[in-house]
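Chemist: Top to bottom, those sequences are chains A and B.
Using the UniProt record's numbering, the letters of the first sequence correspond one by one to residues 1 to 490.
Using the UniProt record's numbering, the letters of the second sequence correspond one by one to residues 1 to 490.
In case anyone wonders, no lab produced these hints; they're calculated from the structure.
Errors might be hidden in some of the hints.
Treat identical chains as interchangeable: a pair holds within one or across any two.
Calculated lysine-lysine pairs in the DSSO-like style (CA-CA distance at most 27 angstroms, straight line) [claimed, not checked]:
#1 K486 - K394
#2 K224 - K120
#3 K486 - K318
#4 K216 - K326
#5 K118 - K15
#6 K16 - K63
#7 K15 - K60
#8 K373 - K463
#9 K139 - K60
#10 K54 - K8
#11 K16 - K60
Protein chains: 2
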Amino acid sequence: MKRFENLKELLAEYKKLWSLQYAESLMGWDIETYMPEDDAMTRGEVISTFSEIKREIYQKLGKIIERYEGKEGLNDEERGILRVLGRDYKYYSKIPLEIIQQIERVRSEATVVWRQAKAKSDYSMFKPYLEKIKDLQIKIAEYWGYEDHPYNALLDLNEEGFSIRDGDRIFSRLLPELSDIMKKVSEKGYFPKSHELEEVSYDIGRMKVVNEEVIKILEMPKGKFRLDISAHPFTVRISADDVRITTRYEGKDFRSTLFSVVHECGHAIYELGIDRELEGTPIGGGVSMGIHEAQSRFWENIIGRSREFVSLIYPKLKQNLDFLSKYNEDDIYRYFNIVRPSFIRVDADEVTYNFHIAVRYEIEKRLIGGEIKVDEIPSLWSELMEKYLGITPKNDAEGALQDIHWTGGFGYFPAYTLGNVVSGIVYSKTPNLYNLLREGKIGEIKTIMTEKIYKYGATYSPKDLLRKTFGEEYNPEGLILYLRHKYLKS
Amino acid sequence: MKRFENLKELLAEYKKLWSLQYAESLMGWDIETYMPEDDAMTRGEVISTFSEIKREIYQKLGKIIERYEGKEGLNDEERGILRVLGRDYKYYSKIPLEIIQQIERVRSEATVVWRQAKAKSDYSMFKPYLEKIKDLQIKIAEYWGYEDHPYNALLDLNEEGFSIRDGDRIFSRLLPELSDIMKKVSEKGYFPKSHELEEVSYDIGRMKVVNEEVIKILEMPKGKFRLDISAHPFTVRISADDVRITTRYEGKDFRSTLFSVVHECGHAIYELGIDRELEGTPIGGGVSMGIHEAQSRFWENIIGRSREFVSLIYPKLKQNLDFLSKYNEDDIYRYFNIVRPSFIRVDADEVTYNFHIAVRYEIEKRLIGGEIKVDEIPSLWSELMEKYLGITPKNDAEGALQDIHWTGGFGYFPAYTLGNVVSGIVYSKTPNLYNLLREGKIGEIKTIMTEKIYKYGATYSPKDLLRKTFGEEYNPEGLILYLRHKYLKS
């Protein structure tokens, strides 16, 4: 933290915000890992009090930021700092506290109801909450401001600079290609529709050892990283020197925990690759969810599900999982790359995954645009699933109720497809990738990625970063190339 | 939190402080348990930034507190809140920031040097730091204010209301009695000077099970409590619904980890017994270190090392520790209650422990009073050890360098003896205690303690609490009675 001579006063005040966010990250991690359950309510109060303190600090920061407006001679990092803080400040200053508090309240109520509704597959239970959430999201869009369509505000809030124009362009190019690939994969038959290993149980103790070995192969730095267990896998960046991931052990189908570890390691590798000098500033973390998902999906899919990676980890798998004795590397590779249309997004493979996002994107866009009502979501869901994947969910639990995300609002899902698209760009612009991987040169792959993306943190907006590094924005051609090459050898 | 109508404004502002302290407690716990080691520096920065934020909040609180001065019609809790916050505010307002920062700096440097000095048993390395620490402590005493002797300020800072008059009175009555008991225990020979189990190794996995069983026997509430591992055992209260302890596994002499668990459970039982309604106020935690040590020592010694408790846990010990097959309950009881003069405070037994505190108390008093120089500490240490326990340390590692505490200042140690004294009062005022324990009625013992001490939190100052509940202050007669009864059956 020495290259920001122009922003000394701002960063001194920002340090308070930073320290609060640091503690919030740790509290968030602890909630999911070790917190005794009775403390949930109290922790909620603490976190909401933190919001109050942060709001006060933002007010001070806002005044300082205004003074920098139009200031010349700033370097890229300094401009990045003002951009990121400006967005945060805009959020706090444009959106009334009572709206944010309403959203928080509805979210926590809706989360409880969603669980029950999903368990009973009863959309009507969740519907009134979705109604409230939609109304609040439209208000947010109005306060935040947008061009053309209120959904653009929500997209921008979730992924800086992203809009319907980007989304439509991506999906209109991607979906027909994916349909074609899906059809041909099925015809070729090399990648299976199911695999007997999906039903095989594993010993959790042995699987923990496998995961530790995978972490070693991925060269995660011991002094800055740890793996714990939680109900839903996640990554949290506490600081540049403390990034933690979690996984879960379901007891069968060992792909699931293995690839959750590789996926979360991808997030962690990004955070750990950011220039250490940016720590303590608003640009010291990953720039956006889309760019983050690009890293996790790059490591999970493009690296982790590759034939080369199977060779790297195969000895450790065999050593620890006795039931693998009769499977060779190719068997494992095919098990890792089952391709089949399915109802549940989180279980989807690389080829079908983006259809799930397209379903949500279409629904959100039309809902926020007033073209459909909350009532109509399940039928539109079924219609789109039929159109894209040729299957129709038999109930709402495997349809519109499957994800928790809508309890928190709209505009979040598209970043998953952005992640896939950007990971495809990285693939297409890194010709030497699989040679390095074949030789186990994980460190070199990290170095390349660090130079292309990681080191900048949030210095540039997602689109600026992509333009600067790759000369293009959300171009889906790389992803198409990758999928065609991997699944069709063409 | 509903009985404080008079302090609404104060408590609204205090809530911010409370939420910061909550997060600090969690960060402190994490440092000792799960934090990746490279994050230590950054976490230090976060914690020091928290201090800045807290200082700002204290300034606001100070102004509100002043307005309440002389206000009538407050209830006991409200007066307690003003008392505790008034003390905290006095600390922040009377002691200049630069002194506090100097203390923090010297402490962190001294901690590093102390480790090296102790390893080399080289007092001269540590001496210049002790010199600085002494000078800073005398400054603190001047800023804080005192009657008669500057050490009184340090005692009061560490234990509200405690003074040299109390300390001298306790030790002058206690030490001759302890000498007499020590001599007679040795003559009687029932409690051994050493035991072969001290050298026996245990399996850590099995010992963890034993500790979990002990936690069950102590009826620790699963939803509000957890046990982890750290280099030095400790208890942390994160909230009324989240109290955590740690232990360590040294691999032999299983008393050590077992009694660290019982000791820390004692601290935790206190915190968990405080009236839930006080959470979120400044009186929601234990009132002082002395009263806290009274609880940990009550559970560790008066409960944990009793013949009755051995009977309660014996089946679980036998079940998990195979090497105990040839030992009966009486053997275990005697192993738990070895009595011998020794050099290291933390290894000392109930009979000799307070001599170790007396050594430190005398040295601190004379040093702060200007009667001795830092130079003279080792020789005075040896002299006092010889006088009290009849043994002379062969080097400073087993003398003045054994404890880390002086890196943080003076006046802390006496609270350990206060803890013993107060646990003795509790013993002498709870005639039914061992009958309840014999029947395993841990819950009833907790209820009695809750009514006597726990529920009040910090509502009353330590002395007021003792007077209110027991009609006396730091009277050592209970402790003497307890030790005579246990060790001499008289």
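Chemist: Run every hint past the structure and note whether it holds.
Modeler: For each hint, the structure was consulted:
no. : hint        : in the structure
1   : K486 - K394 : neither (32 angstroms within a copy, 73 angstroms between copies)
2   : K224 - K120 : neither (42 angstroms within a copy, 31 angstroms between copies)
3   : K486 - K318 : within (25 angstroms within a copy, 60 angstroms between copies)
4   : K216 - K326 : within (25 angstroms within a copy, 45 angstroms between copies)
5   : K118 - K15  : neither (42 angstroms within a copy, 37 angstroms between copies)
6   : K16 - K63   : both (16 angstroms within a copy, 23 angstroms between copies)
7   : K15 - K60   : both (12 angstroms within a copy, 20 angstroms between copies)
8   : K373 - K463 : neither (33 angstroms within a copy, 67 angstroms between copies)
9   : K139 - K60  : within (26 angstroms within a copy, 35 angstroms between copies)
10  : K54 - K8    : both (19 angstroms within a copy, 22 angstroms between copies)
11  : K16 - K60   : both (11 angstroms within a copy, 17 angstroms between copies)
In this structure, the hints that do not hold are numbers 1, 2, 5, 8, in rising order.
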